[in-house]
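A.B. asks: Which chain is which? The protein sequence lines are A and B, in order. Taken in order, the first sequence gives residues 0 to 272; the numbers are from numbering that gives the first Met the number 0. Taken in order, the second sequence gives residues 0 to 302; the numbers are from numbering that gives the first Met the number 0.
Warning: the hint list may mix true and false statements.
In silico DMTMM-like pairs for lysine to aspartate or glutamate, Cα to Cα no more than 25 angstroms straight-line [claimed, not checked]:
id, chain 1, residue 1, chain 2, residue 2
1, B, Lys265, A, Glu129
2, A, Lys181, A, Asp171
3, B, Lys113, A, Glu263
Because the hints were derived from the structure by calculation, they are not lab data.
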Amino acid sequence: MRRWPALVGLHLALGIVAVATLLPFLWMLSASLMPAGEASQWPPSFLPSRPTLENYRALFHRLDLGRCFLNSAFVAIVSTALALLIVSLAGYAFAKLHFPGRSRIYRALLTAMVIPAQVAMLPLFLLLREVGLVNTYWGVIIPALAPVFGIFMVRQYALSLPDELLDAARVDGAGEFTIYRKLVLPLLRPILVTFGVFSFIGAWNDFMWPLIVLTDDRKYTLPVALANLIGEHAQDIELMMAGSVLTVLPVLLLFLVLQRTYVEGLTMGGVKE
Amino acid sequence: MTAGGRNRVSRSRREARAGLAFIAPALALIAVFFVIPVVAGFLLAATDFDIYAVGDPATTRFVGLGNFATLLHDPVFWKALGNTFYFVLVGGPLSVAVSLGAALLVNARLVRCKGLFRTVYFAPVVTTMVAVAVVWRYLYHPRFGLLNQLLALAGLGPVNWLGDPRWAMPAVILMAVWKNFGYNMIIFVAGLQSVPATIYEAARVDGAGPWQQFRRLTLPALRPMLVFVGVITMVGYFQLFTEPYVMTNGGGPLNATLSIVMYMYKQGFRWWNIGFGAAVALVLFLIILVGTLVQLRLQKGRE
Numbered sequence: 000m001r002r003w004p005a006l007v008g009l010h011l012a013l014g015i016v017a018v019a020t021l022l023p024f025l026w027m028l029s030a031s032l033m034p035a036g037e038a039s040q041w042p043p044s045f046l047p048s049r050p051t052l053e054n055y056r057a058l059f060h061r062l063d064l065g066r067c068f069l070n071s072a073f074v075a076i077v078s079t080a081l082a083l084l085i086v087s088l089a090g091y092a093f094a095k096l097h098f099p100g101r102s103r104i105y106r107a108l109l110t111a112m113v114i115p116a117q118v119a120m121l122p123l124f125l126l127l128r129e130v131g132l133v134n135t136y137w138g139v140i141i142p143a144l145a146p147v148f149g150i151f152m153v154r155q156y157a158l159s160l161p162d163e164l165l166d167a168a169r170v171d172g173a174g175e176f177t178i179y180r181k182l183v184l185p186l187l188r189p190i191l192v193t194f195g196v197f198s199f200i201g202a203w204n205d206f207m208w209p210l211i212v213l214t215d216d217r218k219y220t221l222p223v224a225l226a227n228l229i230g231e232h233a234q235d236i237e238l239m240m241a242g243s244v245l246t247v248l249p250v251l252l253l254f255l256v257l258q259r260t261y262v263e264g265l266t267m268g269g270v271k272e
Numbered sequence: 000m001t002a003g004g005r006n007r008v009s010r011s012r013r014e015a016r017a018g019l020a021f022i023a024p025a026l027a028l029i030a031v032f033f034v035i036p037v038v039a040g041f042l043l044a045a046t047d048f049d050i051y052a053v054g055d056p057a058t059t060r061f062v063g064l065g066n067f068a069t070l071l072h073d074p075v076f077w078k079a080l081g082n083t084f085y086f087v088l089v090g091g092p093l094s095v096a097v098s099l100g101a102a103l104l105v106n107a108r109l110v111r112c113k114g115l116f117r118t119v120y121f122a123p124v125v126t127t128m129v130a131v132a133v134v135w136r137y138l139y140h141p142r143f144g145l146l147n148q149l150l151a152l153a154g155l156g157p158v159n160w161l162g163d164p165r166w167a168m169p170a171v172i173l174m175a176v177w178k179n180f181g182y183n184m185i186i187f188v189a190g191l192q193s194v195p196a197t198i199y200e201a202a203r204v205d206g207a208g209p210w211q212q213f214r215r216l217t218l219p220a221l222r223p224m225l226v227f228v229g230v231i232t233m234v235g236y237f238q239l240f241t242e243p244y245v246m247t248n249g250g251g252p253l254n255a256t257l258s259i260v261m262y263m264y265k266q267g268f269r270w271w272n273i274g275f276g277a278a279v280a281l282v283l284f285l286i287i288l289v290g291t292l293v294q295l296r297l298q299k300g301r302e
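So that you can see chain A by itself, here it is in the shape it has in the complex:
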C-alpha cells in the first residue's frame, strides 16, 4: 500500500515528459490541417476549426514537393542498398577472413572516425566538381557508401558466426564469394536489417551534404527543400507544418515498425565496448 504514492508520482513524471516529447509533433500535425492563417490568429487555437487538406494539396501541386519526396526516397533507398552490399562484405571479411594487415587496417578505420566529416567537405566538393558529380544524386550518394560504423556493426555481429560452418563449406569446395552469398549473408540478416534501418533514416534525414551538392531545386531532397521553403514561406505556418509532416512521416513510420531492431543496434556500440 505504501507503494501507491511512488507509483503515482513516477507515472506522473513519465507522463509529463511524454507530453513534452509529443507536443511539438501533435501541434505540427494539427497546424498542418488548419486553413491558411489560422495558426497565426489571436487568440491561438491548438486544434483546427475545420480540418482541411489544402496545405498538402498546395505542397504537391503548387510547390512540387512530391518530386522532392521521390528524390529523398531514391537517395535513401539506393544508398542503403549499396551500403548494405559494401558494408556486409567488409564487415564479414574483417571478422572472419584472414589476410595480411587485417587488424592494422581495421584499427586505422576506427581511428579515422575521430575526424569530423566537415574536414573533408570542401576538398570533396572540388573533387566532385572535377568529375561532374555536383548537382547529381550520385554526388550525394557515393561519398557516404562505406560508413565505418556500419562495418563495425557487421563485424561485431559476424564475429559470432561459427568457423566450423565456414570451414565445412570450404572443404566441400565452395568458393569464398559463394560462401558469402549463400551462407554468410542469410546468417547476417538481423544485423543487416538493423544497419539498413539506420542507413535509410540517416540518408533520409541528412541535410548538410545534400545542401552543398544539390544546386537545382528540382533535385532537392525533402530536408533541403523544406529549409529552402522556409525562406519564402516563413509566414505560411500551416503550409510549413504540412511540409514537416511529409518529411518526418516516412522515418517515423519506419522506426515504429522496426523499433526493436533499431534500438538493439543502437546499444551495440555503447555496451559491448
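Using the hints, position chain B against chain A.
C.D. replies: Chain B alone, transformed into the frame defined by chain A:
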C-alpha cells in the same frame, strides 16, 4: 609436402585474396572520398584558394599558416567559437543529465508500459532535424508560439526566444536536448539492465537509501556508458549546423547562434573562401580531437 598441406596453403592464400577483395570496395571508397579529401583539406588550409581559383587553380598561392593568423584576428571566428563552446558545454551535460534521468524513470521497477514510454521518448531522435527545427521555430514564435502561451499561463514571458541574442542559444539548446535525449537514454537503459536486481535488494537490506544506491551502485555500473555517451554527445554537439541554419537564418540574431560549422559553411560554400574555410574545419577537428582525448584521459584517471 603432402597433398593436404599444399591444399591448406592454397586455401589460406585464396582466403587472403578473398578477404582483400571483400574489403576493397569499402577501402577504395574511403580512400577516394574521405582520406584524399582530408589530406587535401590540410593542404588547402595552407593556401588562399578562393572563387578565382575555382575557375583557374593556377592563381592559388601558398600562405602557410596565414589563414590561421587571420582567424585569430577575426572577431566573428571567436564569436562562433564561443557560441559553439556554449552549446557544447551547457547543452551536452544537460542532454546527458536529462537522458540519465529519463533512463532511471523508464527503468524504475514499478513502471508499467516501459516499452511505450521508451518509444515515445525516442521518437524525436529518428525524426528529421530540418523538420523539427521548422516546427520549433514556430513553437518559439514570440506571439503565437506554444511555448510563450504556456509561459503566459504561468504568468511569465513573453520571451522573444529566437529574436533576442540572450535567449537564442538557450532556445537552440532546449530544442537539441528535446531532440536527442532519447538516444543516450536507450544506452543508459541498456546499462541499467545489466545490473542484477539482487545487488539492489542486498543494498536495501543493508539499509542503503535511494540516493546511496544511485551513487554506490548505479553510477559505477554506468561508467563505461558515460564515457561513450560523453564522447558521442560532445562530438555531435560540436558539429552544430542545422538548427541555426533553419531556426535563426544561419546564426542570428547578431551572430548569437553562429557555430563553427556554420562559419565554415559560409566562408567555404557561400563566399568560396575555400582555403580559409578548410582552415576553420581543421580548427574544429583539433578541438574535437583534444576534447575526445581529454574525456578518455579523465575517465582513465578515475578508474
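A.B. asks: Now look at each hint and say whether the structure bears it out.
C.D. replies: Against the structure, the hints:
no., hint, in the structure
1, Lys265(B) / Glu129(A), "holds, 22 angstroms"
2, Lys181(A) / Asp171(A), "holds, 13 angstroms"
3, Lys113(B) / Glu263(A), "holds, 15 angstroms"
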